[in-house]
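The listed protein sequences correspond, in order, to chains A and B.
Its first residue numbered 1, the first sequence is counted upward by one per residue in my numbering.
Its first residue numbered 147, the second sequence is counted upward by one per residue in my numbering.
Worth flagging that the hints you see were computed from the coordinates, not collected in a lab.
These figures come from a predicted structure and were not determined experimentally.
Ideal placement from N, C-alpha and C gives every residue a C-beta, glycine not left out.
Some hints here could point you the wrong way.
[Claimed, not checked] In the BS3-like style, the derived pairs of lysine-lysine whose C-alpha atoms are separated by at most 27 angstroms in a straight line are:
{"hint": "1", "chain 1": "A", "residue 1": "LYS33", "chain 2": "A", "residue 2": "LYS17"}
{"hint": "2", "chain 1": "B", "residue 1": "LYS196", "chain 2": "A", "residue 2": "LYS77"}
{"hint": "3", "chain 1": "A", "residue 1": "LYS85", "chain 2": "A", "residue 2": "LYS8"}
{"hint": "4", "chain 1": "B", "residue 1": "LYS379", "chain 2": "A", "residue 2": "LYS45"}
{"hint": "5", "chain 1": "A", "residue 1": "LYS128", "chain 2": "B", "residue 2": "LYS321"}
{"hint": "6", "chain 1": "B", "residue 1": "LYS231", "chain 2": "A", "residue 2": "LYS77"}
{"hint": "7", "chain 1": "A", "residue 1": "LYS143", "chain 2": "A", "residue 2": "LYS85"}
{"hint": "8", "chain 1": "B", "residue 1": "LYS231", "chain 2": "A", "residue 2": "LYS85"}
{"hint": "9", "chain 1": "B", "residue 1": "LYS231", "chain 2": "A", "residue 2": "LYS143"}
{"hint": "10", "chain 1": "B", "residue 1": "LYS196", "chain 2": "A", "residue 2": "LYS143"}
{"hint": "11", "chain 1": "A", "residue 1": "LYS8", "chain 2": "A", "residue 2": "LYS33"}
{"hint": "12", "chain 1": "A", "residue 1": "LYS8", "chain 2": "B", "residue 2": "LYS231"}
[Unchecked claim] If you anchor each label on the Cβ, the simulated ranges turn out as follows:
{"hint": "13", "chain 1": "B", "residue 1": "ASN157", "chain 2": "A", "residue 2": "ASN79", "range": "39 to 45 angstroms"}
{"hint": "14", "chain 1": "A", "residue 1": "LEU146", "chain 2": "B", "residue 2": "ARG172", "range": "38 to 44 angstroms"}
{"hint": "15", "chain 1": "B", "residue 1": "ALA318", "chain 2": "A", "residue 2": "ARG91", "range": "53 to 59 angstroms"}
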Amino acid sequence: MTLALAAKEVAAKLETKFPGSIAESNNNDIVVKSQSLFGLASFLKTAPGLEFNYLAAITAVDYYNYFELVYQLTSLKHNHSLVLKTRCYDRENAVVPSLVKLWRGADYQEREIYDLLGISFTGHPNLKRIFLWSGFEGHPLRKDYL
Amino acid sequence: MALKTEPFVLNIGPVHPSTHGVFRMRATLDGEVIVDLEPVFGYLHRGIEKLAEERTYTGVIPLTDRLDYLASMSNNLAYVLTVEKLAGIAVPERAQYLRVIIAELQRIAGHLIAVGAFLNDCGAFFTPFLYMFREREKIVDLFEMVSGQRLLYNYMRIGGLSQDIPEEFLPALDKFVQQMPGFIDEYDRFFAQNEILLARAKGVGILPQEMAINISASGPVLRASGVNWDIRKADPYSLYDRFDFDIPTGTASDCYDRYRVRIAEMRQSLRIIRQAMEQLPSGPVKSDVPRLLRPQVGEAYAHIEAPKGDLGFYLVSDNSIAPYRCHVRAPSLINLTALREMIIGWKIQDAIIIFGSIDITMGEVDR
Chain A
1 MTLALAAKEV
11 AAKLETKFPG
21 SIAESNNNDI
31 VVKSQSLFGL
41 ASFLKTAPGL
51 EFNYLAAITA
61 VDYYNYFELV
71 YQLTSLKHNH
81 SLVLKTRCYD
91 RENAVVPSLV
101 KLWRGADYQE
111 REIYDLLGIS
121 FTGHPNLKRI
131 FLWSGFEGHP
141 LRKDYL
Chain B
147 MALKTEPFVL
157 NIGPVHPSTH
167 GVFRMRATLD
177 GEVIVDLEPV
187 FGYLHRGIEK
197 LAEERTYTGV
207 IPLTDRLDYL
217 ASMSNNLAYV
227 LTVEKLAGIA
237 VPERAQYLRV
247 IIAELQRIAG
257 HLIAVGAFLN
267 DCGAFFTPFL
277 YMFREREKIV
287 DLFEMVSGQR
297 LLYNYMRIGG
307 LSQDIPEEFL
317 PALDKFVQQM
327 PGFIDEYDRF
337 FAQNEILLAR
347 AKGVGILPQE
357 MAINISASGP
367 VLRASGVNWD
377 IRKADPYSLY
387 DRFDFDIPTG
397 TASDCYDRYR
407 VRIAEMRQSL
417 RIIRQAMEQL
427 PSGPVKSDVP
437 RLLRPQVGEA
447 YAHIEAPKGD
457 LGFYLVSDNS
467 IAPYRCHVRA
477 PSLINLTALR
487 EMIIGWKIQD
497 AIIIFGSIDI
507 TMGEVDR
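With the hints as extra help, turn the sequences into a complete structure.
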């Protein structure tokens with residue numbers, strides 16, 4: 001059984017390592033500030049005992065006030081998992097750091113989020129629409145679309 | 147005098163027999179060798195995630211059929227498991243066993259098409275494909291008995307199954323389980339040492355283990371690269387922890403190993419089905435679930451080992467009758483991340499084989 005790590009404990013560990021980078025944490029997930037996302041993610045990927053070498057899935061949700069990005073991290077070595085989240089409050093200019101440099105599996109998934117929710121990823125090598133054509137207006141999975 | 151040459155761009159697809167649907171590979175060629183490749187998606191994008199936001203939780207099940215339409219039962223299972231996790235619904239034991247039997251039959255059917263289409267891409271034009279379809283037909287007949295459908299089954303329900311199996315199902319399944327190992331032996335006899343398959347697939351399209359993990363590959367593509375990772379063992383759902391089975395893995399990480407892993411997985415699926423048939427209890431196949439389900443505010447992520455890999459659903463509920471957000475973690479799309487790396491440096495005819503060895507369905511890639 002993949003062990004879902006207690007997010008509060010991991011968050012406490014991260015808080016000592018990266019002070020002020022955690023926005024909030026509960027039993028299920030950690031919400032990190034978007035400017036610290038890349039540093040935290042690379043720590044989670046390599047830190048002994050954590051080693052989240054497998055990014056199972058990324059998705060994003062539009063909550064009107066903010067977009068929430070959800071990262072399902074898994075460690076194939078230790079068979080444990082963690083849900084990492086970050087939020088993006090600016091609807092007009094939604095930007096978060098790209099994680100493609102850490103996990104190549106993020107490539108198409110970030111492009112999908114960019115296409116359907118209009119969130120940009122800084123540092124993505126090829127950020128363009130993936131399913132819709134380049135002249136398409138709007139981002140269908142936003143709640144204010146139609 | 148040196149010849150002045152320049153790269154040549156070739157579009158393979160979107161409508162081409164080897165692209166397994168409407169998919170385009172924009173290949174840059176130097177002579178016959180591919181030096182760059184860009185997959186182009188979206189020709190089958192129907193906005194299923196958006197459509198799901200306007201349907202009741204039960205109403206989304208037929209939409210999931212249309213993701214990986216060659217493995218509708220697996221899609222149904224992944225979705226209903228997520229809703230059950232979100233709403234905290236228990237499933238009767240008989241339904242759990244039947245789900246396992248059906249999901250494993252679906253895996254065999256999916257792998258039969260994967261292997262058949264792969265051999266087709268290798269140049270064995272439709273002869274092996276029809277051998278595979280001969281056996282898939284029996285599975286489709288079994289699914290028709292339980293659901294009345296032959297492609298998009300819409301059989302699973304939140305809290306169980308839409309109906310119990312008819313009495314002719316178990317005898318027919320028993321006959322299938324007895325016959326199938328002989329057919330798999332037959333495939334092995336025809337193909338495993340086939341000179342053409344060996345020459346064209348061995349050592350072709352290598353995906354190193356480190357990279358397979360880094361690009362989030364899953365399913366037979368990941369296991370052929372030597373990673374022992376199967377959701378059924380690593381994160382058991384339904385009743386998979388009650389069955390005894392092995393996880394076949396490859397060593398060479400090439401197209402041939404992907405073929406071997408799929409063949410070996412079919413044998414393991416039969417093992418699971420046999421055990422599930424022996425243990426199958428009687429009882430109800432569906433728990434009481436309100437017709438208009440309103441899960442409490444929250445979110446859930448659940449995943450299964452579908453024929454193509456790690457199929458996950460992420461659902462967010464706002465306590466209304468429709469999901470607030472429904473995201474599909476599609477193994478077909480994510481496995482394609484590896485395509486460019488695997489193809490660069492090979493020739494066009496190898497690219498067709500490498501692409502075929504990943505096994506994708508465009509319905510799931512584009513959604």
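Decide if the proposed pair is consistent with the structure: LYS143 (chain A) and LYS85 (chain A), CA atoms, cutoff 27 angstroms inclusive. Cα-Cα ~19 angstroms, so holds.
Can you confirm whether the C-alpha distance between LYS8 (chain A) and LYS33 (chain A) stays at or below 27 angstroms? The hint holds at about 16 angstroms.
Are the Cα positions of LYS196 (chain B) and LYS143 (chain A) separated by 27 angstroms at most? With a Cα-Cα distance of about 10 angstroms, the restraint between LYS196 (chain B) and LYS143 (chain A) holds, given a limit of 27 angstroms.
Satisfaction of hint between LYS17 (chain A) and LYS33 (chain A), Cα-Cα up to 27 angstroms: Given pair LYS33 (chain A), LYS17 (chain A) holds - Cα atoms ~14 angstroms apart, limit 27 angstroms.
Is the straight-line distance between the alpha-carbon of LYS196 (chain B) and that of LYS77 (chain A) 27 angstroms or less? Violated. LYS196 (chain B) to LYS77 (chain A) sits at ~35 angstroms, over the 27 angstroms cutoff.
LYS85 (chain A) paired with LYS8 (chain A) [C-alpha distance capped at 27 angstroms]: Between LYS85 (chain A) and LYS8 (chain A) the Cα gap is close to 13 angstroms, so the pair holds against 27 angstroms.
Proposed proximity, LYS231 (chain B) with LYS8 (chain A) (alpha carbon, max 27 angstroms): Given pair LYS8 (chain A), LYS231 (chain B) holds - Cα atoms ~21 angstroms apart, limit 27 angstroms.
Hint check: LYS231 (chain B) vs LYS143 (chain A), CA-CA at most 27 angstroms. Holds or violated? Status holds; Cα separation ~25 angstroms.
Consistency of beta-carbon spacing, ARG91 (chain A) to ALA318 (chain B), with hint 53 to 59 angstroms: 56 angstroms, holds
Given a hinted range of 39 to 45 angstroms, is it respected by the beta-carbon distance of ASN157 (chain B) and ASN79 (chain A)? 42 angstroms, holds
Please work out if LYS379 (chain B) and LYS45 (chain A) have their alpha carbons no farther apart than 27 angstroms. 23 angstroms, holds
Would you mind confirming whether the straight-line C-alpha gap from LYS231 (chain B) to LYS77 (chain A) stays at or under 27 angstroms? 26 angstroms, holds
When the structure is compared with the earlier hints, violations turn up for hints 2, 5, 14 and for no others.
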